[in-house]
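Colleague: Below, each chain spelled out in residue letters.
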Amino acid sequence: MASDTVLKAAASPETVQPFAELGLKVDEYARIREILGRRPTSSELAMYSVMWSEHCSYKSSKVHLRQFGEKAPYSAALLVGIGENAGVVDVGQGYAVTFKIESHNHPSFVEPYQGAATGVGGIVRDILTMGARPIAVMDPLRFGPADAPDTRRVLPGIVAGIGGYGNCLGLPNIGGEIVFHESYSGNPLVNALCVGVMKHEQIKLAKAAGPGNLVVLFGAKTGGDGIGGVSVLASETFNATGTAKRPSVQVGDPFTEKVLIECSLEIFAEDLVVGIQDLGGAGLSCATSELASAGTGGMKVALDGVPLRDPSLSPEEILMSESQERMCAIVEPKNIKRFLQICEKWDVTATVIGEVTDGDRLVITWHGEIIVDVPPRTVAHEGPIYNRPIAKPSYVEKLASIDIKVPMPESPSEVREAILKLISSPNMADKSWVTSQYDKYVQGNTIQSQPEDSGMVRIDESTNLGVAISTDANAPWSYLNPYEGAKLALAEAARNIATAGAKPLAVTNCLNFGSPEDPGVMWQFAETVRGLADGCLEMGLPVTGGNVSFYNQTASVSILPTPIVGVLGIIQDVRERTPMAFDRAGLQLFLLGETQADFAGSEWAGIHKVIGGKTPIADLHKEMKLIDLLLEGQSIFEAAHDLSQGGLASTISEMVLKNNVGAQIKISGPSAIALFSETPGRVVVAIESFNVQLLITLAHRNGIACKNIGVTGGNDLLINDTLIALPELRKAYTETFPRLFG
Amino acid sequence: MKVGVVTFPGSLDDRDAARAVRAAGAESVALWHADADLHGVEAVILPGGFSYGDYLRCGAISRFAPVMSMIIKQAQEGMPVLGICNGFQVLCESHLLPGALTRNHGLHFLCTDQKLRIEKTDTAWTSSFVSGVEIVIPLKNGEGSFQCDDETLEILEREGRVVARYLGDDPNGSRNRIAGISNARGNVVGLMPHPEHAIDPLTGPSADGLPFFTSVLTQLVGK
Chain W
1 MASDTVLKAA
11 ASPETVQPFA
21 ELGLKVDEYA
31 RIREILGRRP
41 TSSELAMYSV
51 MWSEHCSYKS
61 SKVHLRQFGE
71 KAPYSAALLV
81 GIGENAGVVD
91 VGQGYAVTFK
101 IESHNHPSFV
111 EPYQGAATGV
121 GGIVRDILTM
131 GARPIAVMDP
141 LRFGPADAPD
151 TRRVLPGIVA
161 GIGGYGNCLG
171 LPNIGGEIVF
181 HESYSGNPLV
191 NALCVGVMKH
201 EQIKLAKAAG
211 PGNLVVLFGA
221 KTGGDGIGGV
231 SVLASETFNA
241 TGTAKRPSVQ
251 VGDPFTEKVL
261 IECSLEIFAE
271 DLVVGIQDLG
281 GAGLSCATSE
291 LASAGTGGMK
301 VALDGVPLRD
311 PSLSPEEILM
321 SESQERMCAI
331 VEPKNIKRFL
341 QICEKWDVTA
351 TVIGEVTDGD
361 RLVITWHGEI
371 IVDVPPRTVA
381 HEGPIYNRPI
391 AKPSYVEKLA
401 SIDIKVPMPE
411 SPSEVREAIL
421 KLISSPNMAD
431 KSWVTSQYDK
441 YVQGNTIQSQ
451 PEDSGMVRID
461 ESTNLGVAIS
471 TDANAPWSYL
481 NPYEGAKLAL
491 AEAARNIATA
501 GAKPLAVTNC
511 LNFGSPEDPG
521 VMWQFAETVR
531 GLADGCLEMG
541 LPVTGGNVSF
551 YNQTASVSIL
561 PTPIVGVLGI
571 IQDVRERTPM
581 AFDRAGLQLF
591 LLGETQADFA
601 GSEWAGIHKV
611 IGGKTPIADL
621 HKEMKLIDLL
631 LEGQSIFEAA
641 HDLSQGGLAS
651 TISEMVLKNN
661 VGAQIKISGP
671 SAIALFSETP
681 GRVVVAIESF
691 NVQLLITLAH
701 RNGIACKNIG
711 VTGGNDLLIN
721 DTLIALPELR
731 KAYTETFPRL
741 FG
Chain L
1001 MKVGVVTFPG
1011 SLDDRDAARA
1021 VRAAGAESVA
1031 LWHADADLHG
1041 VEAVILPGGF
1051 SYGDYLRCGA
1061 ISRFAPVMSM
1071 IIKQAQEGMP
1081 VLGICNGFQV
1091 LCESHLLPGA
1101 LTRNHGLHFL
1111 CTDQKLRIEK
1121 TDTAWTSSFV
1131 SGVEIVIPLK
1141 NGEGSFQCDD
1151 ETLEILEREG
1161 RVVARYLGDD
1171 PNGSRNRIAG
1181 ISNARGNVVG
1191 LMPHPEHAID
1201 PLTGPSADGL
1211 PFFTSVLTQL
1221 VGK
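Each protein sequence line maps, in turn, to chains W and L.
Quick note on our numbering: the first sequence kicks off at 1 and runs consecutively.
Quick note on our numbering: the second sequence kicks off at 1001 and runs consecutively.
Keep in mind that the hints were calculated from the coordinates and are not lab data.
Please read all numbers here as calculations on a predicted model, not as lab measurements.
C-beta atoms are modelled at their ideal positions from N, C-alpha and C, and glycine is treated no differently.
Be a bit skeptical, because a hint or two may be false.
[Claimed, not checked] List time: in silico DSS-like cross-link candidates among lysine-lysine, alpha-carbon distance up to 30 Å:
#1 L:1002 - W:431
#2 W:609 - W:405
#3 W:421 - W:731
#4 W:59 - W:199
#5 W:503 - W:71
#6 W:658 - W:707
#7 L:1073 - W:658
#8 W:62 - W:8
#9 W:71 - W:8
#10 W:731 - W:666
#11 W:405 - W:707
#12 L:1073 - W:345
#13 W:345 - L:1115
#14 W:405 - W:199
#15 L:1073 - W:731
[Stated by the list, open to error] Per the computed footprint, the stretches of chain L lying under chain W, defined by three or more beta-carbons under 8 Å from a beta-carbon of chain W, are:
#16 1052-1060
#17 1191-1198
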């Protein structure tokens, strides 16, 4: 079939075009015609459809996300902010660190292994594109009920996909979360975080400057996989009767990506590129239009020069393909020879497909005929923006007004049974069935990984400078109160950095929600963004980037609002970090922070299907004082572990099991409140007896409640009169995942 | 003292192996798969990873890399060669060591802190150990189950060529719980677990892996 050229398009305005099938609305199509002054060619239509998709254009979220810029606290550490492939922060000693989370939820439901694998691949390329060597990954995951048949289908595949891809890239997997809740049935969440490190002068940006500079496509050849992944798959609600969406899922080849990483790093080291962009969602459409739009604006590309895996692909398909492991670089002519030499060394296919031009048009040809002639800004950065209707859902007040009742175990046998029930529940149980499928040692710089509060990697072997990262979200809290939920997730992630002794520095996020076309979901989203922006401002932490994933719903049932917040922190000397667990007897255990009866959205309530109540209100000032205390007192802490989901019962169980050293704990008041309440702003620390006075002084100075709750030692967990032998506790904690997933 | 560390496309633990060589006090020299020159190194490490993407079969393509022809030749003449994980697979494919590494019996990739017993200390890579010592170093692979025919197994056991054996839970279903073997001469050793990730308790479970690298130094100095 002959191509639809610009000439033909101008001559045939009446041609009926399949814009709706490509995910464009009537008014969006009309706007494209208005911009071009004619109907778009089929290739132009393909480009606009993917670039104006919710996934790429952030058209429903943009009006809210602006707050991250408007409310941004001043941060001297911020080197590159929102808008680039990933944010970059200064961590000292000339190092810059870049990190970001992205979602790959929809593909992972359709094809768990490849969906999750390419989720890792995509975020790693984003980090690489900044000029950084990727040094670690993390994966926050959400699934439907652990015993649901579909969870047994998607979970093993997703875990194997994350491992299969990340392990083969040589990236240590240092943490993440796995949470089960019925709202994720049919909509599992696969978020992937990557962190990379470089020297300041190595930072690269995605822009095509300098007319005459060459556009080089390098990496894998382009195939027919993932066509329309962002528009057809990620930007629509799943529908039980819809067509099969498997062709929209990309297929990954981690070996090609590993080689691409090493090849790119060698190219960066010789400073051979002016600008660089990876090909992820929306493929070549995105890379060419974004590079041109961020640069001087003009670019011409000969699309028939793109190396193909499948020679039958049409120009529209080539523009939309989301084949993995591809990069697009802008290279000065004087450097192209060396650039191609390095690619040849690594056996990486590299092809000059175009050049930067004067003017402000992106012109794409196909065998000499012009098939695209557009202002790139209109494709990449000036897409539609929607101020979607917002309405507070009726459930919010209704649930908040419920005075929830949870079981209150009191007798030793009741407390014992309750603890075993809690720590064997899928959300609280040992996750090593999953994490043992991930390589945590590769690169030789991993200081901490799951199940520690945060992941920590060393970035300089001679100075022992390191970074720590934690990702957190408490979706049940966000459901009850999205504003507070976002702030509480931020507080928890920051606290999880500080328990190890790292100072929180910057924030990334992945906001997973239902359909933006539902005013109730938009309210959850707007409240979440407002909460996170307010929280970051108060805590002085800049948001460096993030990702929004909408349409996580099946028919009218949406997931719980799940804002995954990632906080990155610095530790000057990783040898001084505080582990989560004590390794010897005779240490004093203190609980920092106050405990209230906070059961709304708690695990204890969730296990008993109790929904409703009021979430805690985030006290970020107090959280910051707690962080100050953790950092000031770091040298006296032998162990420090955050209290969050599952409360003190879960925290202390994890601490005694880690190194098989028991503890004797004294609690007062109702046992259920002491053990299962999830009041935020709390940490258990272990210290030597001779440091007790120092801790009390530090805590007092920072205005943090500090209470001795017991001592370490023995082969049991003893809480008042409740005794659980460690082997029995371990059995309950570790048997759940193997039982469920084999 | 120069110890070469080969980088194949897809090698992952090459920089870790080089770090371990330096920690032991030797100079590490990067060897490139496409370069047949060994640049004067006196010993070679084939590191872990997924060389050539594990396409066809783990190690099957690497075995034909230009650098391997020189390594095979010199190994046959007595040069110390250590293959770790994927490197062990390459050594088996190169017929420098017998047997093959197949998929773990649990069918999952497994990353764990593995307890081993060192059983042979007269190889180029284990002379710093005391025979029978128990160590803990990382094990991380999807295809680490050592398999061979009965006759080969009998020879390996009779000649005392089992360098290390897994203790505790069986991680992968290897015959006779074999974690590592040597050739008859003792200069070529293949090991599934990763000593290069256990040279410092800060970044590994222990420093139990370091003696593998100091052993070869002692061997070369004593030559």
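Colleague: A separate judgement is required for each hint: does it hold in the structure or not?
Modeller: Outcome of the hint check:
1. L:1002 - W:431: violated, 42 Å
2. W:609 - W:405: holds, 11 Å
3. W:421 - W:731: holds, 12 Å
4. W:59 - W:199: Violated, because 34 Å separates the two Cα atoms, which is more than 30 Å.
5. W:503 - W:71: Holds, at about 21 Å.
6. W:658 - W:707: holds, 23 Å
7. L:1073 - W:658: violated, 48 Å
8. W:62 - W:8: violated, 35 Å
9. W:71 - W:8: Answer violated: residue 71 (chain W) to residue 8 (chain W) is near 48 Å, above 30 Å.
10. W:731 - W:666: holds, 24 Å
11. W:405 - W:707: holds, 27 Å
12. L:1073 - W:345: holds, 25 Å
13. W:345 - L:1115: violated, 40 Å
14. W:405 - W:199: violated, 54 Å
15. L:1073 - W:731: Violated, at roughly 52 Å.
16. 1052-1060: holds (count 4)
17. 1191-1198: holds (count 3)
Going down the numbered hints, you'll see the structure goes against 1, 4, 7, 8, 9, 13, 14, 15, while the others check out.
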